[in-house]
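Fit chain B with the ligands to the supplied structure of chain A, relying on the hints for placement.
These protein sequence lines are chains A and B, in that order.
For the first sequence, my numbering assigns the number 3 to the initial residue and increments by one for each residue that follows.
For the second sequence, my numbering assigns the number 39 to the initial residue and increments by one for each residue that follows.
Warning: the hint list may mix true and false statements.
Think about it this way: if two alpha-carbon atoms lie no more than 25 Å apart in a straight line, the pair counts; the simulated SDA-like pairs of lysine to any residue are [said to hold, decoys possible]:
(1) B:K113 <-> A:V198
(2) B:K66 <-> A:T569
(3) A:K202 <-> B:E160
(4) A:K328 <-> B:F115
(5) A:K202 <-> B:A200
(6) A:K315 <-> B:D96
(7) B:K113 <-> A:T569
(8) A:K194 <-> B:G55
(9) B:K198 <-> B:F115
(10) A:K85 <-> A:G433
I should point out that these hints are in silico values taken from the structure, not numbers from a laboratory.
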Amino acid sequence: METLKTKKEEKKKETTMRISGAEAIIHCLLAEGVDLIYGYPGGAIMPVYDELYKFQDKLTHILTRHEQGATHAAQGYARVTGKVGVAMATSGPGATNLVTGIADAQIDSTPMVCITGQVTRSLLGSDAFQETDIVGISTPVTKWNYQITRVEEIPEIMAKAFYIAKSGRPGPVLIDITKNAQFDELDFKYEKCTGVRSYKPVPEPDASAIEKAAELINNAKKPYIVFGQGVILGKAEEELKALVEKAGIPAAWTILGLSAMDSDHPLNVGMVGMHGNYGPNILTNECDVLIAIGMRFDDRVTGNLQTYAKQAKVIHFEIDPAEINKNVKVEVAVLGNSKETLGMLLPLINENSHPEWVAEFEDKYQIEYDTLIKNDIYPTKEGLTMGEVIEQINEASGHKAVMVSDVGQHQMIACRYAKFKQTMSNVTSGGLGTMGFGLPAAIGAKMGAMDREVVAIIGDGGYQMTIQELGVIFQHNVPVKIVVLNNEHLGMVRQWQELFFESRYASTVMTNPDFVKIAEGYHIKSRRVVERSELKEAVEEMMASKDPYFLEVKVEKEDNVFPMIPTGASVADIRLK
Amino acid sequence: MEKQWYTISVYSENHVGLLNRISGIFLKRHINIESLNVSKSEIDGVSKFTIVVNTTEDWTRKIVGQIEKQIEVIKAFYHTDDETIYQESALFKIASHLLFDERQIQNIIKEHNSQIVTVSREFFVLAKTGRRHEIDEMHNALEPYGIMQFVRSGRIAVTKAAMPISELLEEFQEN
Ligand SMILES: Cc1ncc(C[n+]2csc(CCOP(=O)(O)OP(=O)(O)O)c2C)c(N)n1
Ligand SMILES: [Mg+2]
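Bound-form chain A, shown alone (with noise of 0.2 Å):
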């Protein structure tokens, strides 16, 4: 026995040691693999900061101007690179800046791990200084929060943090940790954590589901897969490909899934939904099976649900249990990781090929480009076009740069004529349509990703509501490539003011600044284009650049975006103008 205890006290020593709980965070960061965090301090995570300022050549924190920004860098970081993106900030008006990039993360499926700093234990719920319920605050938005109170959770719950936001279906977690916490010692020790008994992150596979799955496919005289950023997250693009290219089956994308498969592949058809490509709207409507991937069927996506794909069976790869049946009604679910249960459908699938439907799509992008992607990309009239911009940098780019955009037409427009030759290359806030992500998550994006251009494109609204990350992009150098929109409205407000409001313009006309003055403040390379001759050139200065740039282009103050589903109208009334 005594010998027994003193091993046993023996290996405590070896693999503990006495620590606060400010320097255990570190560790447990440390540990994650986490080498880069995105923050803004103040009285209640000040003990944390302090430890940063120790392990700065282990772990770098980017200071962003606002927590927003912080969340939303986290982002950026995380959808580049698939690893766990981290934000950190004090408690109240600091825990409650990071809110709305959390909503975003939660609907985008974003996996991230926010650390807040709480009031000491025994001042809670004593309305103290900078005390806010965080935990309570972000309960609907997060995957999982819990306040830690006492230091011995620290190792534990951090573990437990970022096992949660990246497994199955990737989510933010909320860890609020009081002060008390933080400057008390504990024993530490890190173990990974690998499981949660009450969670089950990946449904297993049914083999029966998929053999039903196959039959529908091999039967089908027109198969249409619609794929979402499930395939991105499952990282399933091989799969994806492999089923697209052996059952000849034409493929669209949700503006989340774009990038998961090359631009150029023939059979990629374009994007789905509101202000989605003709075709794909249209047929979704005339397919026999529709192959859902990785998507979750949001009303942006569908249109009228009563109207939506009523002709067709639908089989529906998805991870996330809760998702099926949630909108549409489905033939065949298929539960599990889209690459495991692609895999597995892939042996089963006859080599076809529908010459005649994949003719269908072509006929009708045929039709949308001689009705409006021609004048998009290629305009003959006056005034720039977003599209053109798009276009210019896809010819600069070789369709190798990440793409972050901000919210409105200038987003949709992006994600429209945007072209890509590698996944996970599209950073756009799709779910909660956060403008002012923009900037602060091609920050992220860029330090995810340093060997890879990355090239944000924001409208003159968005851009303001964080604009001062550009405080970042100085400080550090980060060489990002900053392009702005300028129409001199909130354009997408404006054109359904225009299209179902009779023209009445409430709010939507700004006054603007000098952008590229601002950007000069910030000791940022900067340009504006006013002038078609000149926006060659400039995209091309831009992408030439070593470091951060940017381009200010003047483009029509009143260009709408088309194809259109207006809410409430089904996928096949789509209009093109």
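Leaving out everything else, chain B with the ligands in the frame of chain A:
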């Protein structure tokens, strides 16, 4: 689809924030929680929420899906009234003099199978366990004489068929 009563049973880890998460799921969809009871369950360390709603099966199924998705929830089920044995309990506080002044009161106590929990000089307390309508009937019978206080609990229920949770939980206990 038709609305009806559903009993939702949620087996979970006993975690402080979970009630907030679960009620938020109902709130977001404007579905009223008709009754809620939290207790321990047949398994050590596992809590059970018993939630009653009046809505369509489609909504109930979706809600159960969302509840089950919460990290601390082990498993959630829903059942119709036909599939469960369920009870509520109620307490009635009544002025003591009525017991002597109103002969009917004693009959009501007997007819409704209720028990006298305590009697003091000023008041006595009746307890009644049963279905909602049985409690309502007793309430209606006593009301004309004056009820000083009344309280009814949330529904508690067990299912007629076995809860398919058992194997899952056995697995837990082995670990
Ligand atoms: C935080 C936030 N507030 C409001 C909106 C509503 N909204 C959607 S698009 C849009 C206009 C965006 O204007 P701008 O950034 O100039 O882009 P444009 O549409 O002109 O390209 C607005 C106000 C939003 N999506 N996000
Ligand atoms: Mg604008």
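| Structure versus earlier hints, numbers of those that do not hold, lowest first | 3 and 7
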